[in-house]
Amino acid sequence: MTAVALSDRPRPPAEDTRDLVIEVTGLVKRYGTVEAVRGIDLAVRRGEIFGFLGPNGAGKSTTISVLCTLLKPTSGTARVAGLDVSRDPDGVRSRIGLVFQDPSLDIQLTARENLHFHAMVYGVPRAQRGERIVAALATVDLSDRADSLVTTFSGGMKRRLEIARGILHAPEVLFLDEPTSGLDPQTRANAWEHLGRIRDTTGLTIFMTTHYMEEAEFCDRIAIIDHGTIVALGTPDELKAQVGGDIVVVSTVDDTLAADEIARKLGVTAVRDGDTLRVEVQDGAQFVPQLITALSMPVKTVTVRRPSLDDVFLKLTGRAIRAAEGEGRMGMMRAMAGARGRR
Amino acid sequence: MTAGTTVITTAPPAVVTMPPRVSVSMAQAVYIIWYRDVIRFWRDRVRLVMSLAQPILYLAIFGVGLSSTLGRSGSLGGAGLPASFSYIQFMYPGVLGMAVLFTAIFSAMSVVWDREFGFLREILVAPISRSAVALGKALGGATQAALQGVVMLVFAPFVGVHLTVVSVVEVIPLLFLLAFALTSFGVAISARLKTMQGFQMVMNFLMMPMFFLSGALFPLRGLPGWMTVLTRFDPVAYGIAPVRSAILGGAGLPQAAVDRLTSVTIGSYIVPVGVDVGVLAAFSAAMLAIAMRSFRHRD
Numbered sequence: 009m010t011a012v013a014l015s016d017r018p019r020p021p022a023e024d025t026r027d028l029v030i031e032v033t034g035l036v037k038r039y040g041t042v043e044a045v046r047g048i049d050l051a052v053r054r055g056e057i058f059g060f061l062g063p064n065g066a067g068k069s070t071t072i073s074v075l076c077t078l079l080k081p082t083s084g085t086a087r088v089a090g091l092d093v094s095r096d097p098d099g100v101r102s103r104i105g106l107v108f109q110d111p112s113l114d115i116q117l118t119a120r121e122n123l124h125f126h127a128m129v130y131g132v133p134r135a136q137r138g139e140r141i142v143a144a145l146a147t148v149d150l151s152d153r154a155d156s157l158v159t160t161f162s163g164g165m166k167r168r169l170e171i172a173r174g175i176l177h178a179p180e181v182l183f184l185d186e187p188t189s190g191l192d193p194q195t196r197a198n199a200w201e202h203l204g205r206i207r208d209t210t211g212l213t214i215f216m217t218t219h220y221m222e223e224a225e226f227c228d229r230i231a232i233i234d235h236g237t238i239v240a241l242g243t244p245d246e247l248k249a250q251v252g253g254d255i256v257v258v259s260t261v262d263d264t265l266a267a268d269e270i271a272r273k274l275g276v277t278a279v280r281d282g283d284t285l286r287v288e289v290q291d292g293a294q295f296v297p298q299l300i301t302a303l304s305m306p307v308k309t310v311t312v313r314r315p316s317l318d319d320v321f322l323k324l325t326g327r328a329i330r331a332a333e334g335e336g337r338m339g340m341m342r343a344m345a346g347a348r349g350r351r
Numbered sequence: 491m492t493a494g495t496t497v498i499t500t501a502p503p504a505v506v507t508m509p510p511r512v513s514v515s516m517a518q519a520v521y522i523i524w525y526r527d528v529i530r531f532w533r534d535r536v537r538l539v540m541s542l543a544q545p546i547l548y549l550a551i552f553g554v555g556l557s558s559t560l561g562r563s564g565s566l567g568g569a570g571l572p573a574s575f576s577y578i579q580f581m582y583p584g585v586l587g588m589a590v591l592f593t594a595i596f597s598a599m600s601v602v603w604d605r606e607f608g609f610l611r612e613i614l615v616a617p618i619s620r621s622a623v624a625l626g627k628a629l630g631g632a633t634q635a636a637l638q639g640v641v642m643l644v645f646a647p648f649v650g651v652h653l654t655v656v657s658v659v660e661v662i663p664l665l666f667l668l669a670f671a672l673t674s675f676g677v678a679i680s681a682r683l684k685t686m687q688g689f690q691m692v693m694n695f696l697m698m699p700m701f702f703l704s705g706a707l708f709p710l711r712g713l714p715g716w717m718t719v720l721t722r723f724d725p726v727a728y729g730i731a732p733v734r735s736a737i738l739g740g741a742g743l744p745q746a747a748v749d750r751l752t753s754v755t756i757g758s759y760i761v762p763v764g765v766d767v768g769v770l771a772a773f774s775a776a777m778l779a780i781a782m783r784s785f786r787h788r789d
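As given, the protein sequences belong to chains A and B, one line each in that order.
9 is the number of the first residue of the first sequence in this note's numbering; add one for each residue after it.
491 is the number of the first residue of the second sequence in this note's numbering; add one for each residue after it.
With the rest of the complex left out, here is chain A:
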């Protein structure tokens, strides 16, 4: 099989900061009185996989919608592929690929027909359509299902087809809004393999939102967003380095007393996370014996591990991303209700 590259642009060195595909300055989006996005600055380089991480309702979807020209910013500027999203939305739209959070395929058409429709509306020259469709289907391993109706596809296959559609017209950036939500872990990992491969073979820039920490690990750089502002930005390793050392997770019969004892006897703060206490220390292996000695109550479990992005989020916002989910969703719903009421 001849694979056709889905982008004609060679992959430039990521250090070249002049080559920015997305530039956002002071972006604010307000729904009535609710500020969903409160002044965001960021820059994404060509060829990067950039992750936008945060709980639901943190402002991720709003930001991605502004970048994709689906929403107008209240203030601030955003440039995508060199074009201003407010001044030239059509220009931006023809240079980006989109994979929405919710399915947007015509399930009564075949995979090939869905791609053909897309190629036509995005102005892929007729002579290239067939070839590009074949290449895009091959990229997501759907060649053998090209002529099946999409209604027969599983959730994971539909998602892959949407990814294929997103890259079909050789966009400069592929935007994915929660690309793997609703998929089982294995299907999710598979979708990621495909995205990674697309980036590696084409040098496409990928901008995605997620609230799965494990997913963010796949990104070159991550912005952590909470309550409409970016609280941290860097590579996964840089962010994890902010936590420093190891994470010790301990569970005892009386966590409240244990937290008190840890603070008093060992001089470190234990943060409560569900049924466990979480402590950041320089050297986990050295800390555990001290911990066991210090605690007066029976200890159920002790785990030492390297910091994860979950720990970064916890450190920066004072709460776990899972706990932030609920409140975020409420805030978003309030914001949407407010926006609707004013229309």
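None of these hints come from the bench; they were simulated from the model.
In this text, all values refer to a predicted model and were calculated from it rather than measured experimentally.
Do not take every clue at face value.
Said to hold, decoys possible - In the SDA-like style, the derived pairs of lysine to any residue whose C-alpha atoms are separated by at most 25 Å in a straight line are:
1. A:K308 with A:P244
2. A:K323 with A:T264
3. A:K80 with B:G608
4. A:K248 with A:S189
5. A:K80 with B:V615
6. A:K80 with A:G90
7. A:K248 with A:R53
8. A:K80 with B:L713
9. B:K684 with A:D110
10. A:K273 with A:V312
11. A:K323 with A:A302
12. A:K80 with B:G688
13. B:K684 with A:T264
14. B:K684 with A:I115
15. A:K80 with B:L683
16. A:K80 with B:G555
Once you've looked at the hints, dock chain B against the given chain A.
What follows is chain B alone, placed relative to chain A:
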């Protein structure tokens, strides 16, 4: 999705130089939207056949039954009509109009359908003109509805209506115009409705009165004043009148008698076919403008 790890076959990419994207013209965009609807329609041939059931029932049961009750032409008030002329022959062109009306409204539902299944997003974020989307949708639905009417022409011999090449050639564009007017109307409404239930409710509320007041089932003469007024505001009436005139005139009936039986009148003014066409065209244009506006103002 199959269980187990998916093996990714990595083929080395052959870099192809890509000429810049071509811009999509309004006409191309309209064509693409239309083309998709036609593929879907064609794939769903069961629906095509099933949706003939209703007009056939009207003809075979309602038409035959009422013909028997009314007896020959005298009851239709058609002075100058031959004795062999019966109600079912009068009703037949009306049933063509009915087939077009029902299919047009039904196909406009595809906009609501697309919204429910998410595909409308794919269409609306595409770098094509929203007006083209509205026009493409209206043309797509009109194609389906007109085709439905054309298929109904096959039944003419069974109800004793004699079709000629000329009458068929006249009728097809008239059916298409009626279909386009009604689909534009449907799209104008469906562009604003969020749910399927909402669309069905609104359409049931509008569709049956439009059908009954159109003159499909009875001549629009000698009706009570209030009803006369309502029928003159029914766009379907302006579609059925010229279709009936072409079919019955083509069947060799005296044109003067046919015109008296079929035309829409306003006061003593007998609306000629040219004006019927004009009314339908104006109605289409107005509905299309509303539909385009609705599409442009959607996120």
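(request) Go through the numbered hints given earlier and state which of them the structure violates, listing their numbers in rising order. (result) 1, 8, 12, 13, 16
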